[in-house]
Amino acid sequence: MKKDIDKITRSNNILELKKTLDEFYIGLDLNQKKEAIEYIKYSTIPNYKSGLAYQEKYFDGHNHSLIITWNEAYKRNIEFLKEWVLEKEKGFIQSESTKDEIEPSLDLSNTNGIEKIIYLEKLGILDFLRDKEPFKSSTNRLATAISAITGIPKGTAQPYLNPIVSPGAKQKNNPLNSIKKVEKIEHTLIKIGFKPLK
Numbered sequence: 001m002k003k004d005i006d007k008i009t010r011s012n013n014i015l016e017l018k019k020t021l022d023e024f025y026i027g028l029d030l031n032q033k034k035e036a037i038e039y040i041k042y043s044t045i046p047n048y049k050s051g052l053a054y055q056e057k058y059f060d061g062h063n064h065s066l067i068i069t070w071n072e073a074y075k076r077n078i079e080f081l082k083e084w085v086l087e088k089e090k091g092f093i094q095s096e097s098t099k100d101e102i103e104p105s106l107d108l109s110n111t112n113g114i115e116k117i118i119y120l121e122k123l124g125i126l127d128f129l130r131d132k133e134p135f136k137s138s139t140n141r142l143a144t145a146i147s148a149i150t151g152i153p154k155g156t157a158q159p160y161l162n163p164i165v166s167p168g169a170k171q172k173n174n175p176l177n178s179i180k181k182v183e184k185i186e187h188t189l190i191k192i193g194f195k196p197l198k
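Start counting the sequence shown at 1; every next residue gets the next number (the working numbering).
Think of the hints as simulated: they come from the structure by calculation, not from any bench. Treat the hints loosely; a few may be bogus.
Listed next, the in silico DSSO-like pairs over lysine-lysine satisfying Cα-Cα at most 27 Å (straight line) [to be verified]:
| # | residue 1 | residue 2 |
| --- | --- | --- |
| 1 | Lys18 | Lys90 |
| 2 | Lys181 | Lys198 |
| 3 | Lys116 | Lys90 |
| 4 | Lys90 | Lys34 |
| 5 | Lys122 | Lys82 |
| 6 | Lys191 | Lys180 |
| 7 | Lys170 | Lys181 |
| 8 | Lys49 | Lys82 |
| 9 | Lys195 | Lys116 |
| 10 | Lys34 | Lys19 |
| 11 | Lys34 | Lys88 |
| 12 | Lys82 | Lys41 |
| 13 | Lys116 | Lys191 |
| 14 | Lys184 | Lys2 |
| 15 | Lys3 | Lys180 |
| 16 | Lys2 | Lys198 |
| 17 | Lys7 | Lys122 |
| 18 | Lys34 | Lys75 |
| 19 | Lys82 | Lys2 |
| 20 | Lys82 | Lys18 |
| 21 | Lys170 | Lys184 |
| 22 | Lys88 | Lys195 |
| 23 | Lys122 | Lys132 |
| 24 | Lys198 | Lys34 |
| 25 | Lys184 | Lys33 |
| 26 | Lys191 | Lys154 |
| 27 | Lys154 | Lys88 |
| 28 | Lys122 | Lys75 |
| 29 | Lys18 | Lys3 |
| 30 | Lys49 | Lys33 |
Whenever a hint applies, use it, and build me the whole structure from the sequences.
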């Protein structure tokens, strides 16, 4: 994403820059939008300022038309990007306050066992635990820990976890095969601002 931003922001044509940057921004998810704003604010704009300072220091007093054109382009881009970042940050603040006013807060405490396992997988929690001992080598122990967290009985959790942890196991009980539930949970996570694992 950073390379894309660097490429887009090299344009000296403000109208083209705005159009291309807005089109790029629209295609990003919530977290990527925040990351793009941070990158432009704390990397792209400072880089432009450094370039401008360099030009002014080393070419001071030269009336070469190309240098003047570069300096003017740098200044225009800096001002445009500052305004663009400010506009997007204001949009975030407004959308967050509007969400709080309009959307009732989601209460997901009534999810069933299958849904809880799907949530753990899509949030990356199962992946995280599977990399740790003793869960790396024991689905039984993973099921014990998951039962403590979720309230799912261990004997119920283990058949759900086996096909996720061991792709060679029978996939009949794999919660991720419940396509509608998986899609619903992914949509819910996106709604609260989290990009679910695929």
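Verification of the hints:
1. Lys18 - Lys90: Within the cut-off at roughly 17 Å; holds.
2. Lys181 - Lys198: holds (14 Å)
3. Lys116 - Lys90: Distance ~35 Å between Lys116 and Lys90 Cα, so the pair is violated.
4. Lys90 - Lys34: holds (12 Å)
5. Lys122 - Lys82: Violated. Lys122 to Lys82 sits at ~36 Å, over the 27 Å cutoff.
6. Lys191 - Lys180: It holds: about 16 Å lies between the C-alpha atoms, which stays within 27 Å.
7. Lys170 - Lys181: holds (20 Å)
8. Lys49 - Lys82: holds (11 Å)
9. Lys195 - Lys116: The given pair, whose Cα atoms are some 17 Å apart, holds under the 27 Å limit.
10. Lys34 - Lys19: Cα-Cα ~19 Å, so holds.
11. Lys34 - Lys88: holds (9 Å)
12. Lys82 - Lys41: holds (7 Å)
13. Lys116 - Lys191: This hinted pair holds, its Cα atoms lying about 17 Å apart.
14. Lys184 - Lys2: violated (31 Å)
15. Lys3 - Lys180: violated (36 Å)
16. Lys2 - Lys198: The given pair, whose Cα atoms are some 22 Å apart, holds under the 27 Å limit.
17. Lys7 - Lys122: Violated, because 32 Å separates the two Cα atoms, which is more than 27 Å.
18. Lys34 - Lys75: holds (24 Å)
19. Lys82 - Lys2: It holds: about 17 Å lies between the C-alpha atoms, which stays within 27 Å.
20. Lys82 - Lys18: Cα-Cα ~12 Å, so holds.
21. Lys170 - Lys184: Judged against 27 Å, a Cα distance of about 24 Å means the pair holds.
22. Lys88 - Lys195: Since the Cα atoms of Lys88 and Lys195 sit roughly 20 Å apart, the hinted pair holds (cutoff 27 Å).
23. Lys122 - Lys132: holds (18 Å)
24. Lys198 - Lys34: holds (21 Å)
25. Lys184 - Lys33: Roughly 23 Å between the alpha carbons, so the hint for Lys184 and Lys33 holds.
26. Lys191 - Lys154: violated (30 Å)
27. Lys154 - Lys88: Status violated; Cα separation ~47 Å.
28. Lys122 - Lys75: violated (44 Å)
29. Lys18 - Lys3: Distance of about 17 Å is within 27 Å: holds.
30. Lys49 - Lys33: Holds, because 23 Å separates the two Cα atoms, which is no more than 27 Å.
Of the numbered hints given earlier, the model fails hints 3, 5, 14, 15, 17, 26, 27 and 28; all others are met.
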